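Quick note, the sequences are listed as chains A and B, same order.
Okay, so the first sequence: first residue is 3 according to the working numbering, each after it adds one.
Okay, so the second sequence: first residue is 3 according to the working numbering, each after it adds one.
If you are wondering where the hints come from, they were derived from the structure by calculation, not from laboratory data.
A hint or two may mislead.
Pairs involving identical chains hold if they fit within one copy or between any two copies, as the list cannot separate such chains.
What the hints assert, rightly or not - Under the rule of at most 25 Å between Cα atoms (straight-line distance), these lysine to any residue pairs were calculated in the SDA-like manner:
no., residue 1, residue 2
1, K4, D109
2, K139, E45
3, K4, K155
4, K127, I300
5, K44, K139
6, K32, F245
Since the model is a prediction, treat every value here as computed from it, not as a measurement.
Number of protein chains: 2
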Amino acid sequence: MKVTRADVARLAGVSSATVSNVLNENNKVKEETAVRVRAAIKELDYRPDMIARSMVMKKTMQIGIVLENISNPFFGDIVRGFESAANEKGYFVNICTGFNKLDDYFDNFIIRRLDGVFVTAIPYKFKIDKLYHLVDKGIKVIVSGNVGADFRKVSSIENNHIEAMHIAMQYLYDLGHRDIAYLSGLGRNLPYDLRSIGYREMVEKLNLPCKDSLLFDGKFPYSTDMMDGFHYANELLDSGRKFTAVICVNDLMALGAMKALKARGLRIPEDVSVMGFDGISYGQYWEPTLTSMSMDKIQFGKKAFELLYTNMSRGSTGYFQNDLELVEGQSTAKCR
Amino acid sequence: MKVTRADVARLAGVSSATVSNVLNENNKVKEETAVRVRAAIKELDYRPDMIARSMVMKKTMQIGIVLENISNPFFGDIVRGFESAANEKGYFVNICTGFNKLDDYFDNFIIRRLDGVFVTAIPYKFKIDKLYHLVDKGIKVIVSGNVGADFRKVSSIENNHIEAMHIAMQYLYDLGHRDIAYLSGLGRNLPYDLRSIGYREMVEKLNLPCKDSLLFDGKFPYSTDMMDGFHYANELLDSGRKFTAVICVNDLMALGAMKALKARGLRIPEDVSVMGFDGISYGQYWEPTLTSMSMDKIQFGKKAFELLYTNMSRGSTGYFQNDLELVEGQSTAKCR
DNA sequence: GTGAAAGCGCTAACAT
DNA sequence: ATGTTAGCGCTTTCAC
């Protein structure tokens, strides 16, 4: 049988309300009685039931975090930062990772009355209306990767990928590269593909001869894993277009791309320079080590929770923009 | 205001019990009334509240999955398989990943009344008593990686890592290797380090000259990530001991180890053969591709859920042993 | 076939 | 300072 508050109350010779007051530490209870109650709690190994509590409090102290690829260590780190910050505030985190059916989670969030949700996934994976619907149902939301969101409804934390791409391009340009390919994985047709925007801005600004012939769009379902990098690099190679540097949408793709380039006998960085985004640690164990636009992912996760927490407790949405930093590896070098 | 069953009942001109009967499809309701009820549900955009339902049903339809390193794609795949199987049965999965404080989750599982838990983590990360305590509280448990568990209390799904290690050793032996190092990450002092057991059995059986001088134990907190492989490989190199092959506890460590070996000018596989366990896809993008004792991780996750499901619905624990298969890459070759 | 009512374990007025 | 009680939204007998 389940031990309830009533059992504790009976054993301690008090009412269940008194037990509540002891547990919720609003020191309304005389120390003498509190001691008796605590003893009873211990004796019965009683634990308050969160379900019943959620029922009346209208708070579940549960947060969902939705992401596409749990195996990408980039997200792994973000999750860690987010979760540890959430745990500190007493929240329990649901990690939801479904490669394609993210929408289904949203319905679940509603019927399970989550307090908040952190969605870090590219927007085509879900319907934005579904997201707003969460908000209508009283669930606070923070998004990342979704530039088009209505900031009055949801909080937002974004990486400044446009600026980061500018830095990357300028860096390669300064090394003498002119034929810089970009393997997007996403695509210029997707409005939230900020790196593509930054890329094209720099092609323009630096007056690169390739125009946008070296921008390789991704294809549905816009997967950006290692194997995709391998695939898109081969596409680049097969195109026969001239290039001396390759930027990839993320490190995972960059690592896969390097594999493809090497397989065709190209040396990195002697023949071709390669860069990624994210700064995942695996990049440092590759051969050669990967140059990347890097960031503090744990911190990013923490910050995301903070914004969500503010939203949950004060009801106000917020916005944060995160800057990336160039970390040089051995995968880039002067253009010969 | 929240839409409740009562609202629907009122609009449809029936009682809330009838609404329940419609929703739970126990066709006790005349089709004519059911139609009216469904119309009311749609009109009000009503959704049953899982919290209230959990309250009375004493089932939350929530399952926790506890793992140590979310970023290891090995676990990522297992989670995917597990989660998709769980979702099909209507369960919502909580992924819990904390590098060290796994115990805390267990308390949470109790007060949140999860129906079941899948723990795939090495046992020293949590107290086994805490695990049994879950069972006492009515939460069904399946473990993986914990050979010592009481099978009457918890279900279990294990990889046959002893056998797999035998296969790996025999394979290297047949290639002519005699000085085969094993970077355990865990350690022979940990009873659940099955690979170490298998290793020592084969050293004995094949009468390898190295005895166990080439078995490198891990150190607390027994992390087995890429950087650990790098670290332990350096330890091996620094020991000055002769070796022609290296087996690592998992692929991630093997990839890190390759980095260290190459950094000292050793060629793989010409100078040294390297093998891992798990068969993660990243291994196929490395240079050279990794030979590994591989397995179907998605299937493993599915199977884990099935066992848990049986446990939850019929109350009977179960056991499954999974076999690994040698997948050759370019990281192993004949010993010169 | 449908409705009334009790109860799941808790919190939060409101009484005492 | 402590107890009583009315819900929270649902399921489930048990009547009708």
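A quick look at each hint next to the structure:
Proximity of K4 and D109 under a CA criterion of 25 Å is satisfied inter-copy only: 15 Å between copies versus 30 Å inside one chain copy. Proximity of K139 to E45 under the C-alpha cut-off of 25 Å is restricted to the inter-copy arrangement: shortest distance 16 Å between copies versus 41 Å within a copy. In this homomeric assembly, K4 and K155 come within 25 Å of each other (Cα to Cα) only across copies, at 19 Å, whereas the closest approach inside a single copy is 41 Å. Proximity of K127 to I300 under the C-alpha cut-off of 25 Å is found in both arrangements, the shortest distances being 24 Å within a copy and 22 Å between copies.
Only between protomers do K44 and K139 lie at most 25 Å apart by alpha-carbon distance; the minimum there is 15 Å, versus 38 Å within a single protomer. In this assembly of identical chains, K32 and F245 lie within 25 Å of each other by CA distance neither inside one copy nor across copies; the values are 78 Å within and 71 Å between.
Hint compliance for this structure: hint 6 is the single one not met.
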